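If you're matching them up, the sequences are chains A and C in order. Residue 93 in the working numbering sits at position 91 of the first sequence, with consecutive numbering throughout. Residue 215 in the working numbering sits at position 213 of the second sequence, with consecutive numbering throughout.
In short, the hints are calculated from the structure, not lab data. Nothing here was measured: the structure is a model prediction, and the numbers come from that model. Do not rely on the hints blindly, as some may be mistaken.
Said to hold, decoys possible - If you want the ones that stay clear, here's a sample from chain A, every Cβ over 12 Å from chain C, calculated: (1) A24; (2) Y125; (3) A239; (4) L304; (5) C309.
As the list claims (entries may be wrong) - Just some of the chain A residues that point at chain C, by a computed CB distance under 8 Å: (6) P31; (7) L49; (8) L124; (9) G250; (10) K275; (11) L276; (12) P311; (13) A312; (14) F314; (15) A319.
To be verified - Simulated restraints, written as ranges between beta carbons of each label pair: (16) C/L27 to A/A229: 38 to 46 Å; (17) C/R249 to A/E38: 48 to 56 Å; (18) A/G129 to C/G172: 48 to 56 Å; (19) C/D36 to A/A319: 26 to 34 Å.
Note that CB positions come from ideal geometry on N, CA and C, so glycine has one too.
One-letter residues, chain by chain:
Protein chains: 2
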Amino acid sequence: MIQEPIRTPTRDGVLRAAAKIAEILPPTPLLPFDIEGTRLWAKAEVLQPIGAFKIRGAWHRLSDLSEEERGRGVVAVSSGNHAQGVAWAARRLGMKATIVMPRDAPKVKLEATRALGAEIVLYDRPGEDRDEVAAREVERRGAVLVHAFADPWVIEGQGSAGIEITEQLGREPFRIVAPCGGGGLSAGLALACPSSRIVPAEPVGWDMVGQSLAAGGIVRAAPDAPATICDALQPTASAPIDLDVLRGRSEPGVAVTDDEVRAAQRFAFARLKLVVEPGGAAALAAVLAGKVPAVADTVVMLTGGNCDPASFAQTIAG
Amino acid sequence: MIQEPIRTPTRDGVLRAAAKIAEILPPTPLLPFDIEGTRLWAKAEVLQPIGAFKIRGAWHRLSDLSEEERGRGVVAVSSGNHAQGVAWAARRLGMKATIVMPRDAPKVKLEATRALGAEIVLYDRPGEDRDEVAAREVERRGAVLVHAFADPWVIEGQGSAGIEITEQLGREPFRIVAPCGGGGLSAGLALACPSSRIVPAEPVGWDMVGQSLAAGGIVRAAPDAPATICDALQPTASAPIDLDVLRGRSEPGVAVTDDEVRAAQRFAFARLKLVVEPGGAAALAAVLAGKVPAVADTVVMLTGGNCDPASFAQTIAG
Chain A
3 MIQEPIRTPT
13 RDGVLRAAAK
23 IAEILPPTPL
33 LPFDIEGTRL
43 WAKAEVLQPI
53 GAFKIRGAWH
63 RLSDLSEEER
73 GRGVVAVSSG
83 NHAQGVAWAA
93 RRLGMKATIV
103 MPRDAPKVKL
113 EATRALGAEI
123 VLYDRPGEDR
133 DEVAAREVER
143 RGAVLVHAFA
153 DPWVIEGQGS
163 AGIEITEQLG
173 REPFRIVAPC
183 GGGGLSAGLA
193 LACPSSRIVP
203 AEPVGWDMVG
213 QSLAAGGIVR
223 AAPDAPATIC
233 DALQPTASAP
243 IDLDVLRGRS
253 EPGVAVTDDE
263 VRAAQRFAFA
273 RLKLVVEPGG
283 AAALAAVLAG
293 KVPAVADTVV
303 MLTGGNCDPA
313 SFAQTIAG
Chain C
3 MIQEPIRTPT
13 RDGVLRAAAK
23 IAEILPPTPL
33 LPFDIEGTRL
43 WAKAEVLQPI
53 GAFKIRGAWH
63 RLSDLSEEER
73 GRGVVAVSSG
83 NHAQGVAWAA
93 RRLGMKATIV
103 MPRDAPKVKL
113 EATRALGAEI
123 VLYDRPGEDR
133 DEVAAREVER
143 RGAVLVHAFA
153 DPWVIEGQGS
163 AGIEITEQLG
173 REPFRIVAPC
183 GGGGLSAGLA
193 LACPSSRIVP
203 AEPVGWDMVG
213 QSLAAGGIVR
223 AAPDAPATIC
233 DALQPTASAP
243 IDLDVLRGRS
253 EPGVAVTDDE
263 VRAAQRFAFA
273 RLKLVVEPGG
283 AAALAAVLAG
293 KVPAVADTVV
303 MLTGGNCDPA
313 SFAQTIAG
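Between the sequences and the hints, there should be enough to build the whole structure, so can you do that?
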């Protein structure tokens, strides 16, 4: 359910979000790693309290709500990480959160969202229209919708990671490669780091941001889009508010396969000692597969670590 | 091969080590986590470049060697993490390193040590006396022995983690729980944080520090000591240089079982998104099992993350 954008996200908004987030969350580490003698950097967003960067946008959005809006509560649609971000922020602010989640979301994400005190409404993917389910909840409860990527606060909040990177490196990096679903993080980083090149990394067949930027308009996922292990990166389409920021600012996106993602998860396990979920490893996958050049001054976003244990075990042992 | 201590480790030495280490390695994150509503802290030493805290003591020791000593090279005995620390420091200083390692050391540790350019000499555990093997190498090469825990520089270097913790918290913590083999880290932390309680956590049957402190003298591991998955925590005995520091400073040590260690590895995977090897999870295991009270202001050291993938997969899926 993409509403009319209330306003355009701005760099000032990103800076304000970064200041608010710095008050409650320590910066996530920017960890060096080497590929064939070249030093690259991994931004370890898996170490956020909810195990994903989504806490940033959710906090910026919810903490900016008026007293009256807070009383009405929030509704979000998410496969699991935005869900936990919104639930975490809502709990901290004493608000009610209702999260619309796909029935096939990883069990760990469903349980973690529930443990944070949110009410969960399930829908069937594919089949049911999650936006219709969300619209029904918004109407029924009079609640505020917090969209996962088509929301100026959410975009600005995600961009706060770029402000941290700039402070940690002492400069804006040459390039930032980011896992990409709807494009909220990529757009936020583009605003945060105006001199950096931004590369969205998406699953093959679900590269709706890359395809939309190439086509010059919204491209929706095909009804027969291939299965992907990146449960966090399956938007039916990106949104104008993200694409407007990325147009002219993003390098061409790249699409990664499940095997490339699994190789990146193994690399993160063995070399970085980090647990990274499939969607969170898409940018690292693009670099390791040579789809983005591993040149100096490249930052790779590791966006989430909420993994199903059995699937992770299979990936690591494989 | 425990030589006569050259000197006593001191707090000033720890401070000097911390300053040297801060020049080349960023502080490892101190990550908050909650147990039943109580806020504790995990010191993520798994995020060191070699995946373990041992880089600290090795760097302090090797970088303090004279030009003449550097020319002769170093010899170390290690099941894998001290090995990588010494190899890493030696490569950075342009020195030759020879590491005596057990033939049954995890393959990942053998390979990582070799990849860092060290020469590896294997011995059979149990059976061959690793100290005799090391003495032979020291004599044959005229090299300097860098003991894994019975060395004042190594103890001071490991203690630098305590200086970082104090800076990160803004105070010395009430209690630090640390995985313990020979006792070098525990002794270093005791020197670094004079007002903190130090609790060594050791595998059942290999709690040579705890037993030695209780007995008032060196207690050696029994020849029929039980098997443990904590490959990094199997010293045949602690050493006077460590016990002298810990006597009167350490709380009674605790001993953890393999099952408790595996539960801690699963907790680190699911909640902290960190890959922690069995020995590295011993302190967390002690807290989760209730053997050390989970009170506020407790720091849990996560000392190493160099895991065999197949074993880790089994632990996570189990």
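Going through the hints against the structure:
1. A24: holds (15 Å)
2. Y125: holds (26 Å)
3. A239: holds (30 Å)
4. L304: With a cut-off of 12 Å, A/L304 comes too close to chain C, as the shortest Cβ separation is near 9 Å.
5. C309: violated (8 Å)
6. P31: holds (5 Å)
7. L49: Interface hint status for A/L49: holds (6 Å vs cutoff 8 Å).
8. L124: Violated: closest Cβ of chain C sits about 22 Å from A/L124, beyond 8 Å.
9. G250: violated (35 Å)
10. K275: A/K275 check passes; min Cβ-Cβ to chain C is 4 Å, inside 8 Å.
11. L276: holds (6 Å)
12. P311: For A/P311, the interface hint holds, since the closest Cβ of chain C sits about 5 Å away, which is under 8 Å.
13. A312: Cβ of A/A312 sits 5 Å from chain C, so the hint holds.
14. F314: Hint on A/F314: holds, closest Cβ of chain C at ~6 Å, below 8 Å.
15. A319: holds (4 Å)
16. C/L27 to A/A229: 38 to 46 Å: Given about 42 Å between the Cβ atoms, the range holds.
17. C/R249 to A/E38: 48 to 56 Å: holds (49 Å)
18. A/G129 to C/G172: 48 to 56 Å: holds (53 Å)
19. C/D36 to A/A319: 26 to 34 Å: Given range 26 to 34 Å: holds, Cβ gap about 31 Å.
Against the hints set out earlier in the document, violations occur for numbers 4, 5, 8, 9.
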